[in-house]
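Student: In case you want the letters, here they are:
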Amino acid sequence: MRGTVRLQDLYERYHQRVQFMMIYIREAHPTDGWWMGGGITGFALDKLVPQASTSIRDPRTLAERRAAAGQCETALSYGIRTWVDDVDDAVNKAYAAWPTRLYLVGVDGRVVYHGGLGPFGFTPKALGKAIEALG
Amino acid sequence: MSQTIHDRKQGRSWQNEHDAKAPRVGDLAPDFELMDVTGEHRARLSQYRDDKPVALVFGSFT
Chain A
1 MRGTVRLQDL
11 YERYHQRVQF
21 MMIYIREAHP
31 TDGWWMGGGI
41 TGFALDKLVP
51 QASTSIRDPR
61 TLAERRAAAG
71 QCETALSYGI
81 RTWVDDVDDA
91 VNKAYAAWPT
101 RLYLVGVDGR
111 VVYHGGLGPF
121 GFTPKALGKA
131 IEALG
Chain B
1 MSQTIHDRKQ
11 GRSWQNEHDA
21 KAPRVGDLAP
31 DFELMDVTGE
41 HRARLSQYRD
51 DKPVALVFGS
61 FT
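Heads up: the sequence lines are chains A and B, in that order. The opening position of the first sequence corresponds to residue 1 in the numbering used here, with each subsequent residue numbered one higher. The opening position of the second sequence corresponds to residue 1 in the numbering used here, with each subsequent residue numbered one higher.
Read the hints as simulated data drawn from the structure, not as lab findings. There's no promise every hint is true.
[Said to hold, decoys possible] Label pairs and their computed distance ranges (CB to CB):
#, chain 1, residue 1, chain 2, residue 2, range
1, A, Val107, B, Gln10, 18 to 28 Å
2, B, Gln3, A, Glu132, 37 to 47 Å
3, B, Lys9, A, Val107, 32 to 42 Å
4, B, Leu28, A, Thr41, 31 to 41 Å
5, B, His6, A, Ala133, 36 to 46 Å
6, A, His15, B, Arg44, 33 to 43 Å
Backbone N, C-alpha and C fix where the C-beta goes; we use that ideal spot for every residue, glycine too.
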């Protein structure tokens, strides 16, 4: 996922006052979909985002998605527990989250920050500012 | 099951369709209950209400 290093920084800095939830959703670039593992794009992806995988098929079942999520959680290992959206993509759709997105929900259950559409709207720095603004 | 997205055009179409209904600042965040990667632990967004703010980080391995 784009920006994961800085996301880890946020987690390390704020995890005692903010609950972080990683929600594993539909694959962004699976081997049987919009794959980016080949050619110059694959080479660039490997250099720029080495923590991303280019060898996962889009899961058909919740068990398959859990398996992919487990690989991701192990590979990134930045301490945030991963919760897995079902293959009906209900949570993904409710938050328009694909391929990546950030939200901050206040203690009253209302949205206090929503990131732009991913991948370019995925900006952990903006999430950090929103957390700071909570006081 | 939803369909796999095969290209930029499909991806943009999906985003536009669902972003129009996504929560904005001040809206109540849609509640959900999900299991972890083991299928043994369960969490609900609303369990943190009146306790802690929640950062939701959506993404995948690819």
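Student: Just pull the numbers of the violated hints for me, sorted ascending.
Tutor: Failing hints, ascending: 1 and 6.
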